[in-house]
Amino acid sequence: MLILAYHVGKKILIELIKWYDVWVFIVVLYGTIEINQRFFCKPLFDQDLLKNFIEWYAIFYALALTMIVGEGWNRLNKINTEIDREADALLLLLQTGKLFPGHALFDRLKKIVQDYVDCVLRLRLKDKRSHEQSLRHLLDLRHCVDAMIREVDDGRDVNARQEKPPEFLKAELLRQYCEVYDARGDRFDLISQKIPAHVWVILGAFSLGWLWGFLWLEFHEKAMEAYVVGSTTLSIACLFYVARALNDPTKGSWKLTFKPFKENLSSESIKQLILTKQDTQ
Amino acid sequence: MNQTRQPLDERIDRIVAAITPLIKALIVTIAVLFMFLKM
Chain W
2 MLILAYHVGK
12 KILIELIKWY
22 DVWVFIVVLY
32 GTIEINQRFF
42 CKPLFDQDLL
52 KNFIEWYAIF
62 YALALTMIVG
72 EGWNRLNKIN
82 TEIDREADAL
92 LLLLQTGKLF
102 PGHALFDRLK
112 KIVQDYVDCV
122 LRLRLKDKRS
132 HEQSLRHLLD
142 LRHCVDAMIR
152 EVDDGRDVNA
162 RQEKPPEFLK
172 AELLRQYCEV
182 YDARGDRFDL
192 ISQKIPAHVW
202 VILGAFSLGW
212 LWGFLWLEFH
222 EKAMEAYVVG
232 STTLSIACLF
242 YVARALNDPT
252 KGSWKLTFKP
262 FKENLSSESI
272 KQLILTKQDT
282 Q
Chain S
1225 MNQTRQPLDE
1235 RIDRIVAAIT
1245 PLIKALIVTI
1255 AVLFMFLKM
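Chains W and S, in that order, give the protein sequences. Throughout, this note's numbering is defined as the position within the first sequence, counted from one, plus 1. Throughout, this note's numbering is defined as the position within the second sequence, counted from one, plus 1224.
The shape of chain W in the complex, shown without the other chains (with noise of 0.2 angstroms):
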């Protein structure tokens, strides 16, 4: 557990370096406070003007705020249900290829989903390379389908001894690839889509504007003023840290996991697929 703490400290310290957005803000902030302090003085005789209009901007600010965030997990839960209708897709897929007759092409289907599978897995999101050893796989299947439908590979007949498979099969099989390439399609649509850069600074200058109401208030007590801009201030970076978090799933606490890849493609649950074949034949 100290080990562990240790480490985590450690990291978070290399890490405070590159954290732009709070040492930024944090310059800013001081750059504002200096501006106020020399420019300006405390509006004595408007303070419940002031203290309305706090309240309105609040208002104003969280609803700004909360649907940038309710966006961030919107998109993170269509992601997800990309990643799900993707892994689904590839399992029937593998199914509907289990129910044609002939092994040599299932086999070479289920190595290729395989191998897809492992790809999508290892991927890095923002590396350009492994999606384009991604999309390899997925054209390897492409081929495969083609030929389980048309029935000949390289050329030969492969069921040239045995039955044909039915008219229906070959749809099936043919719409579930189609589905894959959908997901996929999706998936990377969907994670490219971010928040642009400017909303980040606009919702930034929005901060410093409702701040900047609480440095002209006028307090009475040094307690009652740490409570208010302490606690008020904790609420607003928490979320807009979680709606940074949030704006990409690549990295950081809602990086995607690709569980149903894990739970349904792994090595096993495949094997388990060409056993059933055999033990059924």
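Calculated from the structure, these hints are not laboratory results. Some clues are possibly wrong.
[Unchecked claim] Quick list of simulated restraints, FRET-style, between CB atoms: (1) S/Asp-1233 x W/Glu-269: 23 to 29 angstroms; (2) W/Gln-96 x S/Ile-1243: 39 to 45 angstroms; (3) W/Met-68 x S/Leu-1232: 36 to 42 angstroms; (4) S/Leu-1232 x W/Ala-63: 20 to 26 angstroms.
Don't be surprised by glycine CBs; every beta carbon is placed ideally from N, CA and C.
With chain W held as given, fit chain S onto it using these hints.
Just chain S, lined up with the frame of chain W:
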């Protein structure tokens, strides 16, 4: 050696990722409080 290191590294990454937003928020809050109370 690698087999024992990997889960620890993963755990560290997961914990760091989970507490990062909270630590960032705490740093900002402490900075804000410090500047306000200094005034």
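Comparing the hints with the structure gives:
no. : hint                                       : result
1   : S/Asp-1233 x W/Glu-269: 23 to 29 angstroms : holds, 25 angstroms
2   : W/Gln-96 x S/Ile-1243: 39 to 45 angstroms  : holds, 42 angstroms
3   : W/Met-68 x S/Leu-1232: 36 to 42 angstroms  : holds, 39 angstroms
4   : S/Leu-1232 x W/Ala-63: 20 to 26 angstroms  : violated, 40 angstroms
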